[in-house]
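Q: Residues per chain, in single letters:
2 protein chains.
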Amino acid sequence: MDERVREHARTLVDWSARVEAGDDVVVSVEEGAHDLGVAVAEQLGERGANLVATYSSDELTRAYLRAHDGDFDGDPDYERALYERADSVLILKGTNNTAGTADVPDERRAAHASARQGVREARLDTDWVSTQHPTRAMAQQAGMAYEQYRDFVYDATLRDWEGLAEEQARLKGLLGEGSEVRLVADGTDLTMSIAGRTAVNSAASVAYDSHNLPSGEVFTAPEDTEGVVTFDVPMTVRGRRVRDVELTFEDGVVVDIAATQGEDVIRSVVETDAGSRRLGELGIGMNRGIDRVTDNILFDEKMGGTVHLALGRAYDACLPDGESGNDSAVHEDLITTMGEGSRLAVDGETVQEDGVFVWE
Amino acid sequence: MDERVREHARTLVDWSARVEAGDDVVVSVEEGAHDLGVAVAEQLGERGANLVATYSSDELTRAYLRAHDGDFDGDPDYERALYERADSVLILKGTNNTAGTADVPDERRAAHASARQGVREARLDTDWVSTQHPTRAMAQQAGMAYEQYRDFVYDATLRDWEGLAEEQARLKGLLGEGSEVRLVADGTDLTMSIAGRTAVNSAASVAYDSHNLPSGEVFTAPEDTEGVVTFDVPMTVRGRRVRDVELTFEDGVVVDIAATQGEDVIRSVVETDAGSRRLGELGIGMNRGIDRVTDNILFDEKMGGTVHLALGRAYDACLPDGESGNDSAVHEDLITTMGEGSRLAVDGETVQEDGVFVWE
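Here the protein sequences come in this chain order: A and B. Residue numbers for the first sequence follow numbering that gives the first Met the number 0, beginning at 0 and rising by one. Residue numbers for the second sequence follow numbering that gives the first Met the number 0, beginning at 0 and rising by one.
Derived by calculation from the structure, the hints in this document are not laboratory data. Fair warning: there could be bad hints in the mix.
One copy or two, either will do: identical chains are not told apart, so a pair holds if it fits within one copy or between any two.
Here are the simulated SDA-like pairs of lysine to any residue, each with C-alpha atoms no more than 20 Å apart in a straight line [what the hints assert, rightly or not]:
1) Lys92 to Trp14
2) Lys92 to His33
3) Lys92 to Thr53
4) Lys92 to Met0
5) Lys92 to Glu58
Between the sequences and the hints, there should be enough to build the whole structure, so can you do that?
A: So this is what it looks like as structure tokens:
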């Protein structure tokens, strides 16, 4: 076994999920994540935790959903009981085909998801963590050779998380105390209010309310956005490529949309509901192990020297207790690079210049 | 997809497990059984049943068991809850390495199994069915090419089960009414009492209390065995090859053991406890789709024209209500071919001659 697979499993079990002896752990193994599954099983055995392995496969899902008439039973009791009693759920992603459910009708998928909200909530109520085992299909999506992609994933995942959590705590402090953020970059000059909002230190551990490995970002919930932003990082949104999306905000609301590719997709996202016209998230990428875009939002948005903004739903963790932020059916992240000449400032104080934090 | 995989799934879901709309079904997918998993998911979707897929892998099990200190938690509640609430459990076997747990200490394995008796009982309380997807590893164990082994598995599995169930009902009737069975074959002349015992029509369906696909046998619980039997079918018992085992019975008890290979293994089986010196099962193979030995007891013992006898534990289904039969920690099947010159008789009436039933 590649020693990095074992190290990945150790990071997941120890740093991310904080598994202890006697914990009841569900490990969801995707069809291409077998090797990581073996390494995680070893770590769980070593800690004296319990193990139930579930199988996740787009091919099974596709076959099931296409054959079903769409009238799904609500929250099957046997599945909910499993998650309600579990302490942790470790989701080992690793698909063999990123287009594996391409011919499943959207409404079938949506009906299945909405019939299972209780199961999903029970799962989200555990110390769950989602991570990515490198597969050839993911390498292909990233436009990389397999060996090259494996190096990329482990560079992003096997970090000094404790050190990064400390660095992120610094930015979290600045954002927590601040009232206004200003972003200046090529094609971007945007201001947002963050007064009264709490920034989240997303350090790839349930101890930090962070459920993705890798992570490496600090995010908050902005409002009253004014100005223009250009998202230069190409992305796949709803299965379509989008490039150079330019959004103009007035009084917190999108008033103009342009893009060199996929403008209609962005327009349909913005027009979903009232909340999708406003920002729900400002996220600042701080993972320096991620040095390139791979068309995988879990990695792209964490890249050091980038900022992402999400149209739609805000996370409760960023809001004062009991207060709810921007609400929407969507949460669509878009990313901009903070390159030469860029600046990120809180209440007029520069925090990052030319993509480099002032403390770096 | 090979149309036979789909037909296998259909047989499993319809004939064997009798799955209906709304049923809560757990599908256990072994690492090499993915394709059958996809086909079963399709069948479950078509019927409107619910699906939870679990992952079974000797490599995960090995890693977990070897890393664990051996002090296992008893019956983890989250896993038991899943099976207690399930209607059916479909076990799709398909290993990629039949020696995948070769270096797990026996006592570790035994401790794990005994800590999980409640989970196992909950699973056995469902309409469970175990079946075999053909893998290269299983072909190798059978000494067959992959394509050839696939033909073998589907010939054994895709039968006219309804027709076979009717034929087996005939033999079940004869055994149920009879008092004494006599087996005569090369190196074999054995009599057993079956008075008051119920024969089971094992027709690969939960409707017949039969939990293996393929099946195809009628079995009962004999006692007071007298005479000699030679098991000419080579087998693997406790990981060791055995050949031409010859057992001599007096007053129902083994009094002499001989074998051309593996005699000490058979001796250790016989000497396990008081019950392992007696027979717990007489089974008569009736599946004519199985035409050769493949070193897999699930297939070998069902072969038409063979008879198997098990040392050890008897099945309750063969006994009058409330009565318990031969008890033992072991149940070890051994097989003999009913060839030229062989005869199987019930109360002196010939039922099978030269390996052919009188009604065939």
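Q: Of the hints given before, which are not true for this structure?
A: Structure breaks no hint.
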